[in-house]
Amino acid sequence: MKKLLLIVSVVLLSATLTACGQTDDTVRLGVIGPLTGQYSMYGLAVENGAKLAAKEINAAGGVLDKDIDIIAYDSKGDSTEGVNAYNRLRDQDEIHALIGGTFSSVTLAIKGLAVQDNIPILTPTATNDTVTLDAPNVFRACYSDSYQGSTAAIFANTELNVTNAAVMYNRDDAYSQGLAQAFMDEFDARGLSYDRFEFGAQDDDYSALLTNIKDGSYDAVFLPAYVAEVGAILTQADTLGLDLPFIGGDGWDGIEADYADVANGFYFANHYSKTDEASNVQDFVVNYTAEYGEAPNALAALAYDAVYAMVEAIENADSLEADDLVTALSNLNFLDGVTGPITFDENGDPIKSITIIQVVDGVHEVFAKVEAGDE
Amino acid sequence: MELFISQLINGLNTGSIYALVAIGYTMVYGIIKLINFAHGEIMMFGAYFAYLFAFSLSFQLPFLVVIVLSMFFAAILGILIERVAYKKLRKAPRISALITAIGMSLFLQHLAQLIFGATPYVMKPLVDTTPITILNFDISRLTLLTIGLSILFMILLTLFVYKTKPGKAMRAVSQDKEAAILMGINVDNIISLTFAIGSALGALGGIFYAMTYSQIYPTMGVLPGLKAFIAAVFGGIGSIGGAMIGGYLIGIIETMTKAYISSKWVDVIVFGLLIVILLFKPSGILGKNRKEKV
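In order, the protein sequence lines correspond to chains A and B.
What the first sequence shows, in this note's numbering, is residues 14 to 388, in sequence order.
What the second sequence shows, in this note's numbering, is residues 205 to 498, in sequence order.
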């Protein structure tokens, strides 16, 4: 009897396993991002942006006569979880290309595997400089940390006349550190002065650092970090009576949702602005809002662009083979992106413009637009 | 000098919170010789309660009512935890109770994640936070309130323990449980009362923590809980006065480290201090070296 049960269960199990095998009537794009947890706002934005693009493309007839299928898995923002998700996408879902990972750390953890497996990656949001290095099949839709950090420094100096900055960053986070480093390098190059103020990922209390900053004679604070930290820091700066302009990076996107009052008047570099009047931007904002009931943030816009760019590459390649796709991506000239046109340099980094946004009464206002190559 | 005093005020602010939480550790230890590692989670739940009372009702409750209600529910949670998880283990080896406490801590963290989700709630400070200037120093009203209310509650607690009958019973139970039973003290009730008071003060600490640092999330109790535990050991575990002193000292040491050395060193110094204390004066600053009677 036991043997019979065993045989039956083996048969059943193998039946379910074969059911997982994929047929090739869809184009499968994987998405990896933090869909739950403290950083879920970023992962969900990427998933939503990618799914909206896929929906529109499918409605218009798909690509190579196939529908696009977005398969999104949760990384919780954790590298190990991200690798698990990647393995599942490769083995079980047999994806053709990957849109992601959302975080630089997760993308870096996946990168080595993806180079071995030769799976084309177009990450919408991983900004760390090393993501695209030594990886011919890895591309990104966003600009890199160093480009963003140095642009922020140029902006601070030329537009706000900052000559002495407090650079406050999270030493446990590669993104935060990367931007801060690029900012300080640019300040060094310009012969300007700055002091660094490090905090850790576990910290909740920033009052000691902020009190030191208040005591110094700084013109502005450069704070490249994510919304959860930025919100807490700005709130404490406000209660301590610290009265300096803060400048941030794209990790600030969405700050107005919970912290509009403490972030009022501050600046950050971003990939696009919801209030940009270009028609493709406004169409995207309207469609996204209709679909999900909230305005898209920059990550959603980047994921949306990444899927469209990937589809254009598939069309140009007229194939789903990895090698053809990688060649098509490196020759891509994708023009109508919501976040600007995307062409890749020899590393796989996009050549595109940076928008500096000022938060005014809870609304993003375009303060300046720094075009690619303006240094 | 001015900077030093500003930093000292920051340290007092964090210290008040640690002191409030440390009292819970020390009281429970004093009475049933258990280190209640779930105490940081009570602090976290206290913060969630305050959020719910402050923002989910259709009308605005006054700040003090929010605090008292949250403290009340945290007290009930504390009693519940003791009844469910610790009561049966009172006669069991200490290690069993300790393991249960760690299990309880993880259980509560994940329960909070199930109920409230992992995304942090943003806690708007329930009071006016514009700084006021006292003698050239800009001090946040929230800081003043944190320090003031903490000290007030600690004075109330001291009065309660030394001037009232239940307080006397509490001290009796902590000294000798068996003798207290012989004297007609209902030990179960006294233990519940201890958990209730400790939890209520822990919740108050949690509310101030959430208001000062603007966020509430399921794991927010872990690190301050550990720091408060160190504060309790530092001051002499079992001693209420010791927990207060320990709390303020840890808060000030932490802030000064951040201000003058680097935030990198905070945990090294604070946890190093725990080891040093345990090596050289395990009874803590105010603890007595009790000899076992034969």
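What the hints contain is simulated information worked out from the structure, not anything from laboratory work.
A quick note: this is a predicted structure, and the numbers were derived from the prediction, not measured.
One or more hints might be untrue.
To be verified - Not close to chain A: a few residues of chain B, all C-beta gaps over 10 Å, as computed:
hint	residue
1	Phe257
2	Phe267
3	Lys292
4	Leu346
5	Leu356
6	Val365
7	Ala376
8	Ala400
As the list claims (entries may be wrong) - Listed below are the simulated BS3-like cross-link pairs for lysine-lysine, each with C-alpha atoms no more than 25 Å apart in a straight line:
hint	chain 1	residue 1	chain 2	residue 2
9	B	Lys295	A	Lys227
10	B	Lys237	B	Lys328
11	A	Lys365	A	Lys382
12	B	Lys328	A	Lys227
13	A	Lys89	A	Lys64
14	B	Lys381	B	Lys369
To be verified - Chain B regions said to be covered by chain A (calculated; three or more residues, Cβ under 8 Å):
hint	stretch
15	206-213
16	412-419
17	462-469
Glycine included, each C-beta is placed from N, C-alpha and C at the ideal position.
Output the numbers, in ascending order, of every earlier hint that fails for this structure. The structure conflicts with hints 4, 9, 10, although it agrees with all the remaining ones.
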